[in-house]
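Visitor: Chain order of the listed sequences is F, G and R. Numbered per full-length UniProt numbering, the first sequence spans residues 1 to 671. Numbered per full-length UniProt numbering, the second sequence spans residues 1 to 406. Numbered per full-length UniProt numbering, the third sequence spans residues 1 to 179.
Hints are computed from structural coordinates only; laboratory data are not their basis. Ideal Cβ placement from N, Cα and C applies to all residues, glycine included. Errors might be hidden in some of the hints.
Between beta-carbon pairs, the in silico distance windows are [claimed, not checked]:
{"hint": "1", "chain 1": "G", "residue 1": "Asn196", "chain 2": "R", "residue 2": "Pro172", "range": "27 to 37 Å"}
{"hint": "2", "chain 1": "F", "residue 1": "Asn577", "chain 2": "R", "residue 2": "Pro172", "range": "26 to 36 Å"}
{"hint": "3", "chain 1": "R", "residue 1": "Pro172", "chain 2": "G", "residue 2": "Asn201", "range": "53 to 63 Å"}
{"hint": "4", "chain 1": "G", "residue 1": "Lys314", "chain 2": "F", "residue 2": "His609", "range": "17 to 27 Å"}
{"hint": "5", "chain 1": "F", "residue 1": "Ser589", "chain 2": "G", "residue 2": "Arg367", "range": "51 to 61 Å"}
The list that follows gives simulated cross-link-like pairs (lysine to any residue, SDA-like), each with its CA atoms no further than 20 Å apart [claimed, not checked]:
{"hint": "6", "chain 1": "G", "residue 1": "Lys188", "chain 2": "R", "residue 2": "Asp145"}
{"hint": "7", "chain 1": "G", "residue 1": "Lys272", "chain 2": "G", "residue 2": "Gln318"}
{"hint": "8", "chain 1": "G", "residue 1": "Lys244", "chain 2": "G", "residue 2": "Leu317"}
{"hint": "9", "chain 1": "F", "residue 1": "Lys42", "chain 2": "R", "residue 2": "Arg117"}
Covered stretches of chain R, going by a simulated chain G footprint (3 or more residues, C-beta under 8 Å) [unchecked claim]:
{"hint": "10", "region": "34-47"}
{"hint": "11", "region": "50-62"}
{"hint": "12", "region": "121-131"}
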Amino acid sequence: MKDGVYRNTCPRNCFGTCGILSYVKNGRLMKVTGDPKHGYTKGRLCAKGYASTQFVYNTQRLKYPMIQSPRGSGNWKRISWDEAYSIIAGKIIELNQRFGSNLASGYNKFSGNLGFLHYAVEGMFNSFGPHTKPVGNPCALTGKLAVNQAFGHNFSSNPEDMADTNLIVIWGANPAVTNVHQMKFIYEARRSGAKFIVIDPIFTRTAEKADVYIQINPGTDAWLAFGIAKILIEKGIDDEESIREQTIGWDQYKHFIHHQIDLSDVSKRTGVPTEAMEVLAEFYGNLKPAVTWNGLGIQRNDRGSHSISAINSLAAMTGILSNPNSGLYYMHFDIEHFPQLLLNHQGPVHPNITKSRDIDISNYSKNALALTEPPLKFLWVASRNIITQDQNLKSWHQLFNQLELIVTVDLYLTKTAKHSDIVLPAASHFEEEDLNVGYWHYWLSINQKSIPPYYEAKSDLQIARELTKKLNELSPGFSNFPFEKEPIDWIKEELTPEIMRQYSLTSYEDLLEGPHKKIEIAHSMPDSEKFRLLPSKETVTEQLQSENLKKPLTYRLLTPQTLLKIHSQYELVPWLNQEQTEDIIELSSTAAIQHEIDENTKIEIYNQHGFIIGTAKINPTLPNQVVLASQAGNNPINQLITQTDDKGANGSSTFFYDSMVNIRKWREKNV
Amino acid sequence: MNNHFAIPEFVQELSTASSHGVNQIVQKLSTLLSHPVLVVDPLYQVLSCSTGIEAIDEIVIMPDNQQESNPHFAVFSCQISTIDSLKNGLANPITLNNKILGYLILFSNDKPLAAGLYEDALIYTASLCALQMQKSLELKQERQKFKEAFLFDLLYGNIKQKEDITEYGEIWGWDFSIPHIVIVFSYKEDNHFFTNKQTVNMLLQVVENELISQNFKPIAMAKQSQVITMIPLVDTDYDENRAKLEAFAVTVLNKAAKMNPEFELACGIGKKYRNPTELFRSYQEAKVAFELGILLKITTPLFTDFGLERILYKHDLQDLIEYYNHTLGSLLEHDKNHDGNLIETLEVLAANQFDMGKTAKASFLHRNTLRYRVKRIEEILNMKLDDLHVRLDIMAAFKIKQLRKI
Amino acid sequence: MFKRTGFIFNADDCINCKACEISCKNENQTPMNIQWRTVKKVAPELYLSLSCNHCDSPECFRVCPERAFIKRKDGIVQIDENLCTGCQLCVSACPYQAPQFNPETRKVSKCQMCYPRQDIGMVPACVEACTTGALNLVDLNTFEDEQTVRNLPGFSDVTVTNPSIIFYPLKPRKRYFLQ
């Protein structure tokens with residue numbers, strides 16, 4: 001690597017997808033700065049991004065491939081890459097011979113690195129023919145489907161445009177912690193007079209900054225949206241005719257709101273005073289253009305789909321359809337407009353198995369355990385830390401017992417890596433080429449290889465190339481992976497003429513000069529489409545009935561992202577872990593009194609799946625029936641989380657926030 | 001024809017003289033008009049005098065009130081008083097771009113002068129003076145920049161070699177081989193930084209003039225709300241030095257207060273340092289003395305006078321509050337519950353070194369009443385006031401209060 | 001007169017994202033536990049991002065027996081680590097915990113306001129990193145804004161050292177907590 005400044009892109013599962021400039025000297029990353037040519041992040045990074053040098057040069061990073069025997073013993077032994085490949089390829093081939101297909105081989109990969117080239121994992125498995133693969137999106141699927149249902153397509157407004165609006169209403173998102181770069185656009189709007197509203201059960205950092213903060217009972221967002229719609233409809237809607245024109249189901253919707261919504265009932269369910277609803281209705285009615293932001297938080301429970309539909313309907317009747325500068329935010333899925341050649345790589349045809357076995361990733365372990373003929377025997381884990389992040393851990397442990405080989409590719413010896421037979425050291429994003437596109441903003445950017453790999457680390461793509469080569473050596477024709485293709489070839493092929501046009505690129509080299517923004521961003525909906533208000537009447541009624549039965553002294557466990565981590569990522573970076581935050585459990589003053597719990601004492605939260613010990617912190621702004629804890633750490637909270645059986649035909653997000661727990665003081669004997 | 005463009009001879013003479021500076025203009029004008037001439041600054045401090053500099057030591061100039069209606073444009077009459085005489089004069093402002101640089105004054109040793117007769121000459125000469133003064137002001141400002149850079153480095157200890165400081169000082173005629181002390185004059189700042197530059201520059205001028213009048217080559221600079229000066233201390237006698245410094249500070253404070261009564265001004269005096277590389281400490285000390293002086297209502301606070309106050313001032317607030325409450329809490333509680341004012345009695349007592357006689361006088365109390373109160377105080381505090389340790393605690397607690405920590 | 005460079009911190013805009021804190025480590029590659037800048041929660045909803053305040057009357061400066069500190073004419077207070085003997089008088093004298101003692105090198109270091117960057121016309125790393133624009137530089141010799149204050153709760157008394165920092169306070173907000 002030559003000394004100089006390189007362009008990188010942060011590939012984390014984050015709204016920022018920040019452009020990074022990497023300062024490299026003697027093959028070493030000296031420091032990073034934001035890329036000033038990135039129009040969304042504007043030359044800034046977050047704290048995690050600024051800790052990049054420590055993320056890369058960290059004594060805890062994996063240096064070499066290792067094997068442990070027996071699994072979980074901690075008895076690790078360094079092996080060469082070739083040995084690792086031989087063992088893995090040997091197992092894949094053996095399973096293939098034993099079961100007559102690769103269905104016994106599967107992988108679990110999610111959002112550890114969202115770069116295009118990390119689909120090499122999918123591409124590699126595709127190249128073997130039918131196998132076992134995860135489908136779905138535990139994070140955002142429910143909201144995606146609800147937005148799709150209303151608009152007919154995926155849709156999220158241009159985030160930079162938020163600066164030019166007069167009303168910003170955030171439902172269940174916390175950009176001050178999870179999307180810091182958005183705050184400047186919100187402040188810009190506010191400086192020109194905009195009102196900024198946050199609706200959230202938690203008094204978040206974003207809520208602290210809002211002009212008006214409205215606290216709401218978790219999972220009742222739809223009711224609040226109905227209540228505001230009711231106030232607006234009763235006052236009379238100015239352009240009702242055009243709304244009727246542009247929507248499907250206006251009269252039904254109006255009828256429903258008129259006859260079935262009662263403000264005092266809404267107030268009781270949501271905990272929001274009527275006065276606050278009046279204020280919000282007044283803002284929605286008078287401040288144009290207005291933007292509404294559906295946070296991911298509101299769809300982490302089984303009523304999330306209804307909530308997003310109800311909020312979308314409210315946005316539709318308050319200007320999103322008529323005022324061109326209004327906006328609706330969720331997240332977009334523009335990556336699906338790219339060829340995604342690695343993801344969509346076509347493998348060899350199997351004589352009698354037509355396709356791979358799909359497992360819903362939101363319930364992977366249970367579904368995988370249910371598989372027979374053949375059972376799942378080999379698992380490849382990449383871009384994922386199952387043990388700290390996935391739910392239904394009991395069934396995961398059952399699944400692990402059934403697996404004959406577990407391979408984890410990671411930068412660190414994570415909890416999941418510790419449960420594996422083989423770990424393979426992954427390259428950081430500074431050590432590999434890639435291409436990245438945002439899911440919040442609309443910028444496309446390149447990721448250059450700016451430094452040599454840390455010890456023997458390799459990228460997912462490089463591993464795919466070398467493992468498939470080994471497979472073909474041992475069993476000619478086993479894989480059809482195009483291992484001769486270099487990273488840059490894959491990047492160039494993603495940039496089809498249509499993509500180049502959309503991002504005003506003349507060649508791939510343009511991206512070396514700076515990120516490029518998509519030129520036409522779908523504003524709301526194509527002219528031919530109509531907005532579909534609320535789902536059918538039946539689902540509305542279902543919504544009305546599906547109230548959780550509240551048991552006394554049970555608490556809803558909320559586990560939002562914390563500032564200095566993304567899930568479990570960055571937890572081993574010392575700069576970012578100077579304060580102990582990981583074992584803190586926040587509870588309301590009322591709960592603390594009821595359970596006679598003092599600040600900073602040890603408490604236990606538990607349910608039928610297990611228990612977690614933590615330090616109590618009394619948060620007087622927390623709703624009485626909510627307990628707040630952070631993710632990952634030594635004692636990961638996901639032990640208490642389980643996914644209820646899926647109702648939706650198209651799948652859903654994981655309903656993390658439907659987990660209920662009990663609280664008790666910690667006593668030695670409980671352990 | 002040519003006569004129309006003829007320039008009067010006296011004009012030529014004056015303009016020729018003007019290239020040699022204001023002093024020459026004054027001399028020339030005096031010769032031409034056969035009367036003494038003065039040039040003063042906007043504060044009526046004499047800059048130049050045709051009868052020689054030693055003759056103007058004690059001159060005070062007062063514009064005649066009734067004629068002062070528009071001093072910017074018109075010639076006005078004034079009185080010039082020296083030690084033994086009172087003279088009448090005519091003054092004309094020296095202005096450039098509407099800014100008054102000073103006044104040109106013509107005066108007579110006997111009868112008043114007729115304004116009409118001298119007006120044109122005065123106006124013309126004043127304009128010549130204006131150009132000269134502007135030129136020298138610019139020069140001075142140029143030199144000032146260089147000087148300020150040196151003083152800044154001196155005040156922040158940036159020059160680490162003693163010899164360097166002495167050498168540089170010589171450029172302006174300052175002798176840093178003798179001990180110096182720093183005095184800070186500063187306008188009070190509350191919630192905002194003081195940004196009125198003109199006021200501070202006036203203050204600087206007052207300080208400089210005062211130093212000149214005491215035959216010092218002034219070492220002074222303006223810095224935000226402050227004017228900082230360094231005064232050489234030749235005398236070794238502490239009390240004499242102290243008296244001189246305090247007198248100097250009081251004079252400056254009074255003069256400045258007259259000029260700008262709307263801004264509150266205070267000062268602080270640092271310690272004497274023999275080694276000029278240590279003078280930055282004197283500056284820092286002067287600023288601490290400044291703050292303590294304001295709180296303790298001392299007009300000319302010397303850093304060396306503060307002992308306990310300095311420690312308390314910097315100490316952790318929470319700790320001080322605890323100390324205060326521990327020492328006086330029960331008395332405060334008692335006063336609150338009984339609507340009493342024993343705490344005031346104790347404060348006066350402490351302020352009078354626990355002398356019953358003085359305290360009775362200061363608080364207008366009968367001795368017996370005072371005695372009774374002191375007994376009550378001792379009961380409530382559960383302490384004996386004749387114990388020196390108790391006295392120290394009480395004094396310290398009141399100091400904390402005075403320092404506005406409570 | 002010279003500049004008096006100082007920080008201007010808008011508490012109302014700060015979201016406690018700590019980018020300033022970590023970007024300082026990134027720029028200066030300071031060792032673990034050496035924090036030239038820290039963001040602290042000092043009261044409910046009030047976060048302060050603080051470093052050396054490059055005081056007009058620096059106490060570090062006054063107490064240092066080695067005269068290791070200098071004050072540049074733009075106001076930046078620097079410490080010359082070569083002169084530092086590690087006596088730590090400055091550490092205890094500073095009301096803002098700005099000087100940081102490194103037990104390994106036995107030297108004190110502190111925020112230098114990124115003077116090498118400022119000398120080539122760049123802002124300090126912390127200011128560059130502040131995504132909300134809450135942290136900025138200002139010339140306190142000329143800056144005037146009635147909305148600013150010299151002190152906030154949780155910040156040490158400004159009278160002794162006259163720190164070169166000025167604040168915008170929190171603005172009142174409307175909240176509806178659960179009924």
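Visitor: Run every hint past the structure and note whether it holds.
Guide: These are the hints, each one checked on the structure:
1. G/Asn196 <-> R/Pro172: 27 to 37 Å: 31 Å, holds
2. F/Asn577 <-> R/Pro172: 26 to 36 Å: 35 Å, holds
3. R/Pro172 <-> G/Asn201: 53 to 63 Å: This hint is violated: roughly 40 Å between Cβ atoms.
4. G/Lys314 <-> F/His609: 17 to 27 Å: Distance hint for G/Lys314, F/His609 is violated at roughly 56 Å.
5. F/Ser589 <-> G/Arg367: 51 to 61 Å: Check passed, 57 Å falls within 51 to 61 Å.
6. G/Lys188 <-> R/Asp145: 17 Å, holds
7. G/Lys272 <-> G/Gln318: At roughly 34 Å apart (the allowed maximum being 20 Å), G/Gln318 and G/Lys272 break the hint.
8. G/Lys244 <-> G/Leu317: 36 Å, violated
9. F/Lys42 <-> R/Arg117: Roughly 19 Å separates the two Cα atoms, so the pair holds.
10. 34-47: Since three or more residues must qualify, the claim that chain G covers the region 34-47 of chain R is violated, with 0 doing so at under 8 Å.
11. 50-62: Answer holds; 6 residues pass the 8 Å Cβ test.
12. 121-131: violated (count 0)
Violation of the numbered hints given earlier is confined to hints 3, 4, 7, 8, 10, 12; the remaining hints are satisfied by the structure.
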